[in-house]
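Order-wise, the sequence lines are chains E and C.
Mind the numbering: the first sequence is residues 80 to 249 in this note's numbering, read in order.
Mind the numbering: the second sequence is residues 432 to 1011 in this note's numbering, read in order.
Just to be clear, a hint being listed does not mean it is correct.
[What the hints assert, rightly or not] Straight-line alpha carbon distances no greater than 25 Å define the calculated DSS-like cross-link-like pairs of lysine-lysine that follow:
1. K745/C with K140/E
2. K732/C with K140/E
3. K144/E with K745/C
4. K631/C with K140/E
5. K576/C with K144/E
6. K144/E with K759/C
7. K500/C with K144/E
8. K140/E with K759/C
9. K758/C with K140/E
10. K758/C with K144/E
No wet-lab data here; the hints were simulated from the structure.
No experiment lies behind these values; they were computed from the predicted model shown.
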Amino acid sequence: MNHIALLMENQPGALSRVIGLFSQRGYNIDSLSVAPTQDETLSRLTMTIGEEGADINQILKQLYKLVDVVMVQNLSEADSLTLELAIIKLNKAKRDVEGLLKNYEFEREILDEKDNYTVFKVLGDTQEIEKLLSELKKEEFLEVTRSGTLGMTKGNESLATNDQTKISYD
Amino acid sequence: MAKVMTSGGEALIKALADENVDIIFGYPGGAALHIYDAIYQQDRVQHILVRHEQAATHAADGFARATGKPGVCLVTSGPGATNAITGIATAYMDSIPLVVISGQVPNHLIGTDAFQETDMMGISRPIVKHSFLVQKPEEIPVIVKKAFHIATSGRPGPVVIDVPKNLTDPNEKFEYKFPSDLYLRSFALYDEAENSEVKKAVKLLTEAERPVIYAGGGAINSNAAEEIYEFGKLMGCPVTNTLMGLGVYPASDEQFVGMLGMHGTYEANMVMHEADLIMAIGARFDDRITNNPNKFGLQAKKIHIDSDPSSIDKIIDVDVAMTGNAKKVISQINKELKAMNFDNKKFDGWMKKAMQWRAEHGLNHNMLDQKNPGDIILPQQVIQSAYKATDGKAFVTSDVGQHQMFAAQYYHFNEPRKWINSGGLGTMGFGLPAAMGVKFAFPDETVACITGEGSIQMCIQELSTCGQYGLPIKIINLNNRALGMVKQWQDMQYGGRYSSISYEDSLPDFIKLAESYGHVGMKVEKLSELESAMEECFALKDKLVFLDVYVDPDEHVYPMLKAGGDMSEMFLSKTEKTFE
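The following block holds chain E by itself, in its conformation from the complex:
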């Protein structure tokens, strides 16, 4: 499992270049999350590549080669934090959901409920979320939406951008 953080130009077509690269080169993305950053000219992505045997260095180099990609980092090689948000809707009363979640450590909150259903969010480790989902019975399950893994390195360093490179002509 590799988590990759990436900063790219917030330009039309930039995301499709990143995603297109994966299908073009035959790599699979397990999850992908993308949104603008505090600098509105940049977007930040976190993606997860779970594939066994994927040549992660080759993937990083190909990503960095894209003109719109400003910075790439393999979070899995650094001391980093990852977490995921999931919203789950079940055919279960609130009480039963609370019982179910007792064995889990992640943050949770009930968002909407009636006698016959409960919508709740959980925030935590991707593997733990997957464990919860695998435990649910088919007949209880209505729907789930997940943010995909988000991540950044620990410590006070940041995935900063280089200053713009000035290219002068004679």
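Using the hints, position chain C against chain E.
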């Protein structure tokens, strides 16, 4: 200075002129009409009207390969854009700098399936180095400048600029400013290699017993021929070039063992197989070179110089990787070798071994001396005859197939940028339009297109363009009345079941065809008449000559690497091979 007011269309053409572009290849259409009107009203940029957009891209590509400058083409939206795709992919695979400008339907119609609308950004995305969709007319000069910078720097490649029609409106003027500087965020370029890596490389080079220099298209792109020649002489070891690298090391030099790979020479492939050090310069270990990568260079340490970090360790893991400009990195290495007064005598025995391999199974370059039963012409003899008639000095473009391999094997290229072919994508139809681009760049030089009757028909319409602009290209058509390379594979791997390789009796009379466009057509069927016809063809300086040469339809290209084998496993002829 007085303000210059331009429309988007005028700004586009003015920016091209300010980028020192004097020629573009294209084809007009609805979405590009404002731009064409701007072209009409100026004289700094000449527009060449081709007969199909694929030819516009190949012509710009041929121009770029021959000059080292970026080629430029202009097409309209929809079918204009999609027709350009094959040419863009061709340039992309061979890392050729191209700027392709495509018209687009007006902004407000994008996404409505408007007439001649196609998503050019989407369709071209996997085969461009980068692309721009213009959003405001004022940004056109900056986009043009960025496009040229991206296309030509680092590992070169094609860049698309998609321009919606309303942004070129002649009635909407703005102040034209061509930028003097560019700002690009995190656009990494590699120049010289780290000194520590240079030292490591020099250590491996000087400690080796059986080194080989393997140089490819990247060495030509970085104009490294002079440095590589010096490096070759400092090393005194065998040098081989890829199909894309031919000419970067002079073919007539005694250390040159010929092209390597699928149809490389016996000695080049043996040298690669037996080497204990492989020095790759601007070459990417692609599958036509390595054969089975798991059996490639097992005895060899490897050094790799490339301008693209993603080419390194992609197929073959190397011991020393130097990301940088080949010209500069080789200079660094040469400097070290000279400083240590490296004595290359220890490679003499290894060089002799290479010459021994050549003596055993090298190519026969004197086939014009032989007589053939029935006075039939062998394709190799046509190349040797063309070489002789041009004194080896012509620009040679080619298409794809057997004729391409024969040309690569038998026309000795002593200079870079003289051999112009589609190596990566293998695009039939490339040869004639590419020759047009070369001829526009070098009107006083001899330009030959070595082709086959299959390939030439894929862009044959350009005979008309050649007529309009008076381009005296020499088309040498190796006519074997079949798709020769496919036929060869069907012979060797499909039990001689010739599936769809024959035109039956539908081939045109190429002589009459050439004549109908106002050119000269000549036909040769006998070996005894080949040389005089070839001389006559090249002597007609002011005419395009279509020389239709009937060659032996059963000839195969050899050597040929055995599928899945190592580099020493070759078919040498229809009856000989190096493996059991």
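| request: For the pair supplied as a hint, K758/C and K140/E, confirm whether the alpha-carbon distance does not exceed 25 Å. | output: 23 Å, holds
| query | Are the Cα positions of K144/E and K745/C separated by 25 Å at most? | reply | 14 Å, holds
| field | Straight-line alpha-carbon gap K732/C to K140/E, limit 25 Å | value | Within the cut-off at roughly 23 Å; holds.
| message | Holds or violated: K144/E and K759/C, Cα atoms, limit 25 Å. | response | Holds: K144/E and K759/C sit about 21 Å apart, inside 25 Å.
| Can the restraint linking K631/C and K140/E be considered satisfied, given a maximum Cα separation of 25 Å? | It holds: about 23 Å lies between the C-alpha atoms, which stays within 25 Å.
| K745/C and K140/E: Cα distance at most 25 Å? | Distance ~10 Å between K745/C and K140/E Cα, so the pair holds.
| message | Checking one constraint from the list: CA of K500/C to CA of K144/E, max 25 Å. Satisfied? | response | Within the cut-off at roughly 22 Å; holds.
| task | For the pair supplied as a hint, K140/E and K759/C, confirm whether the alpha-carbon distance does not exceed 25 Å. | result | Answer holds: K140/E to K759/C is near 22 Å, not above 25 Å.
| field | Holds or violated: K576/C to K144/E, with C-alpha atoms at most 25 Å apart | value | 19 Å, holds
| Taking only the CA atoms, is the gap from K758/C to K144/E under or equal to 25 Å? | 21 Å, holds
The structure is consistent with each of the numbered hints, conforming to all of them.
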